[in-house]
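Top to bottom, those sequences are chains Y and A. In this text, residue positions in the first sequence follow this note's numbering: the first is 1, and each later residue adds one. In this text, residue positions in the second sequence follow this note's numbering: the first is 1, and each later residue adds one.
If you are wondering where the hints come from, they were derived from the structure by calculation, not from laboratory data. A quick note: this is a predicted structure, and the numbers were derived from the prediction, not measured. Fair warning: there could be bad hints in the mix.
Example chain Y residues on the side facing chain A (calculated, C-beta under 10 Å, incomplete) [claimed, not checked]:
hint : residue
1    : 51
2    : 64
3    : 77
4    : 117
5    : 128
6    : 205
In the DSBU-like style, the derived pairs of lysine-lysine whose C-alpha atoms are separated by at most 30 Å in a straight line are [stated by the list, open to error]:
hint : chain 1 : residue 1 : chain 2 : residue 2
7    : Y       : 191       : Y       : 227
8    : Y       : 47        : A       : 150
9    : Y       : 89        : A       : 46
10   : Y       : 37        : Y       : 208
11   : A       : 152       : Y       : 47
12   : Y       : 130       : A       : 132
13   : A       : 132       : Y       : 135
14   : Y       : 130       : A       : 108
15   : A       : 108       : A       : 40
16   : A       : 46        : Y       : 47
17   : Y       : 47        : A       : 213
18   : A       : 186       : A       : 121
19   : A       : 132       : A       : 46
20   : A       : 150       : Y       : 89
21   : A       : 40        : Y       : 135
22   : A       : 121       : Y       : 135
23   : A       : 121       : A       : 183
24   : A       : 186       : A       : 40
25   : A       : 108       : Y       : 135
26   : Y       : 47        : A       : 40
27   : Y       : 130       : A       : 121
C-beta atoms are modelled at their ideal positions from N, C-alpha and C, and glycine is treated no differently.
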Amino acid sequence: MPLVLYYFPLSQPSRAVWGLLLLGKVEFTPKVIDIMKGENTTEEYTKLIPTQAVPAITDDDFAIFESHTILKYIVRTHNLHQFYPQDSKQQALVDAYLDWHHTGTRNITLFLRDFIWGPIFFKRPAPENKDQRLKELEYYLSFIEKIFLGEGKFQFIQNQPTLSIADLSLINELVGLFSMNYDFNQHPILKKYVEHLFSIPEIRETNKDYFGLLGHMKQEEYNDFIKQYL
Amino acid sequence: MFKLYIDWISQPSRACKTAFDILHLKYETIPLWIQYGQHKTEEITKLNPLQQLPILVDSDGFTIVESHAIIKYIINSRNIQTTLYPSDHQLRAKIDQYLDYHHGNTRKCFTYYYNILIAPKLGIKTGDDILKLEQVVNQNLSYIQNYYLKDKDYLFGNNVTIADISACSEIMQLNTIKFDFDKHPKLLNWMLRVMEIQEMKDSHQVIMKIIRKQNPNCIFLNI
Chain Y
1 MPLVLYYFPL
11 SQPSRAVWGL
21 LLLGKVEFTP
31 KVIDIMKGEN
41 TTEEYTKLIP
51 TQAVPAITDD
61 DFAIFESHTI
71 LKYIVRTHNL
81 HQFYPQDSKQ
91 QALVDAYLDW
101 HHTGTRNITL
111 FLRDFIWGPI
121 FFKRPAPENK
131 DQRLKELEYY
141 LSFIEKIFLG
151 EGKFQFIQNQ
161 PTLSIADLSL
171 INELVGLFSM
181 NYDFNQHPIL
191 KKYVEHLFSI
201 PEIRETNKDY
211 FGLLGHMKQE
221 EYNDFIKQYL
Chain A
1 MFKLYIDWIS
11 QPSRACKTAF
21 DILHLKYETI
31 PLWIQYGQHK
41 TEEITKLNPL
51 QQLPILVDSD
61 GFTIVESHAI
71 IKYIINSRNI
81 QTTLYPSDHQ
91 LRAKIDQYLD
101 YHHGNTRKCF
111 TYYYNILIAP
121 KLGIKTGDDI
131 LKLEQVVNQN
141 LSYIQNYYLK
151 DKDYLFGNNV
161 TIADISACSE
171 IMQLNTIKFD
181 FDKHPKLLNW
191 MLRVMEIQEM
201 KDSHQVIMKI
211 IRKQNPNCIF
221 LNI
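Please take these sequences and the hints and turn them into a complete structure.
Spelled out as structure tokens, the structure:
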């Protein structure tokens, strides 16, 4: 039976896994789990995935969640090693990014959740320390440019020769910044990276729904760099 | 021979040390003290601009950070066959699933510990909601107990794996702040079982000193 992908197009880790399945031309059955409608909290889904996490996959009876684990599992079971190096040093470098991502890059989504989506979609009041959180976010973005993109010298994370699962994880978080009309001129290296990754059709494909939503929201006029993608 | 830079008070440092000692590897341990800023020296910053520990430097100069990546790198590059991280795809995926979950969830133990014990000492106001953190920590511990551990001896199968070592090292930190494990009896038993491993005991000697001072009635002082 082909893999089943439980995903939500507005979820960044969902888009990373979806992107790999498209890039690797893996046969899969897509099942949208709409988190906004609480479809991840049904009895049926909770039985399958007790954390109610999205994305998840099932491979016949085997169920797995956590996007980075899913990405690696797909690579190993479908021989997609071009997306995740087998050489132990190169693999360790990609793993180091993927681990750091959880407490580093993921601050983008945590910021958006607290200050943009929470207030708009869930009427949740934003915390009071916005300036401090923004400062921390800037720190992490500079870090990505300096360390993982080699001050702009690397085309892909950790100077890998081709796109890896680390890039799939990063790019989908980075475009979260579109929803706050972020001025990418502050980070020209990230700007170049976004342009480069979006030259890949599968990355554009998996972000269509998210960009569609942004186009509808029109909270303010988006800057030119972001507008070209919506 | 590789070098492992650690801080005994850093939970991920202890996880790496314990794993490598269980595997009887020969390496140089360089203990540093984050509390004295030794992670921010020019030498360490050159090795890891993130200024975080642990750091591994292999004999050819290859440097790697992030504890889970470090442990996996050694197991992969030395071709070590071990029950700590078995090669079966599905079992490995389940262990990876826990190790990914760890960063955003179990690691909240560190945030809670930091807010209770460290931030006040340094006069830092973190802005974190301590009551909320305590709730989250309890939720995460329940989850590990009821979803991963259930009635087994270890998180995955019959043997200790790097998931047990990483999780237990992290959760042990809570003993320095008198955390009440009464809501998590199975988890407590599992921790005691994992702490029976000599290499875990060795890695936790410094933490035990802190526990003796901060929490003298702690059950772990008797193991």
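To see whether the hints hold, each was checked on the structure:
1. With a cut of 10 Å, the hint placing residue 51 of chain Y at the interface with chain A holds, because the nearest CB-to-CB distance is about 7 Å.
2. The criterion of a C-beta within 10 Å of any C-beta in chain A is met by residue 64 of chain Y, whose closest approach is roughly 5 Å, and the hint holds.
3. At a threshold of 10 Å, the smallest CB-CB gap from residue 77 of chain Y to chain A is about 6 Å, leaving the interface hint in force.
4. At about 18 Å, the closest approach between the beta carbon of residue 117 of chain Y and any beta carbon in chain A exceeds 10 Å, and the interface hint on this residue is violated.
5. Because the smallest distance between the Cβ of residue 128 of chain Y and any Cβ of chain A comes to about 8 Å, under 10 Å, the interface hint for this residue holds.
6. At about 25 Å, the closest approach between the beta carbon of residue 205 of chain Y and any beta carbon in chain A exceeds 10 Å, and the interface hint on this residue is violated.
7. Among the hinted pairs, residue 191 of chain Y with residue 227 of chain Y is consistent with the structure: their alpha-carbon atoms are about 13 Å apart, no more than 30 Å.
8. Taken as a hint, the residue 47 of chain Y and residue 150 of chain A pair is honoured in the structure, with Cα atoms around 15 Å apart against an allowance of 30 Å.
9. Restraint check for residue 89 of chain Y and residue 46 of chain A: the C-alpha separation of about 19 Å stays at or below 30 Å, so the hint holds.
10. Our distance criterion of 30 Å between C-alpha atoms is met by residue 37 of chain Y and residue 208 of chain Y, whose separation comes to about 20 Å.
11. The straight-line distance between the Cα atoms of residue 152 of chain A and residue 47 of chain Y is roughly 20 Å, inside the 30 Å bound, and the hint therefore holds.
12. For the given pair, residue 130 of chain Y sits about 19 Å from residue 132 of chain A by alpha-carbon distance, which is consistent with the 30 Å threshold.
13. Pair hint residue 132 of chain A plus residue 135 of chain Y holds up; C-alpha atoms about 23 Å apart against a cutoff of 30 Å.
14. Distance hint between residue 130 of chain Y and residue 108 of chain A is fulfilled; the C-alpha atoms sit about 21 Å from each other, no more than 30 Å.
15. Pair hint residue 108 of chain A plus residue 40 of chain A holds up; C-alpha atoms about 23 Å apart against a cutoff of 30 Å.
16. Our distance criterion of 30 Å between C-alpha atoms is broken by residue 46 of chain A and residue 47 of chain Y, whose separation comes to about 47 Å.
17. A distance of roughly 44 Å separates the Cα atoms of residue 47 of chain Y and residue 213 of chain A; the hinted pair therefore is violated under the 30 Å criterion.
18. For the given pair, residue 186 of chain A sits about 33 Å from residue 121 of chain A by alpha-carbon distance, which is inconsistent with the 30 Å threshold.
19. Only pairs whose Cα atoms come within 30 Å are accepted, and residue 132 of chain A paired with residue 46 of chain A is rejected, the gap being roughly 37 Å.
20. Among the hinted pairs, residue 150 of chain A with residue 89 of chain Y is inconsistent with the structure: their alpha-carbon atoms are about 36 Å apart, more than 30 Å.
21. Distance restraint check for residue 40 of chain A and residue 135 of chain Y: the Cα-Cα separation of roughly 20 Å lies within the 30 Å cut-off, and the hinted pair is therefore satisfied.
22. At most 30 Å may separate the alpha-carbon atoms for a hinted pair to count; residue 121 of chain A and residue 135 of chain Y meet this at roughly 24 Å.
23. Between the alpha carbons of residue 121 of chain A and residue 183 of chain A the distance comes to roughly 29 Å, so the proposed pair stays at or under 30 Å and holds.
24. About 39 Å separates the Cα atoms of residue 186 of chain A and residue 40 of chain A, which puts this hinted pair outside 30 Å; it is violated.
25. Taking the CA atoms of residue 108 of chain A and residue 135 of chain Y, the gap is near 22 Å; set against the 30 Å cutoff, the hint holds.
26. Taking the CA atoms of residue 47 of chain Y and residue 40 of chain A, the gap is about 46 Å. The hint is violated against a cut of 30 Å.
27. Only pairs whose Cα atoms come within 30 Å are accepted, and residue 130 of chain Y paired with residue 121 of chain A is accepted, the gap being roughly 25 Å.
The structure fails hints 4, 6, 16, 17, 18, 19, 20, 24, 26 (numbered hints given earlier, in ascending order).
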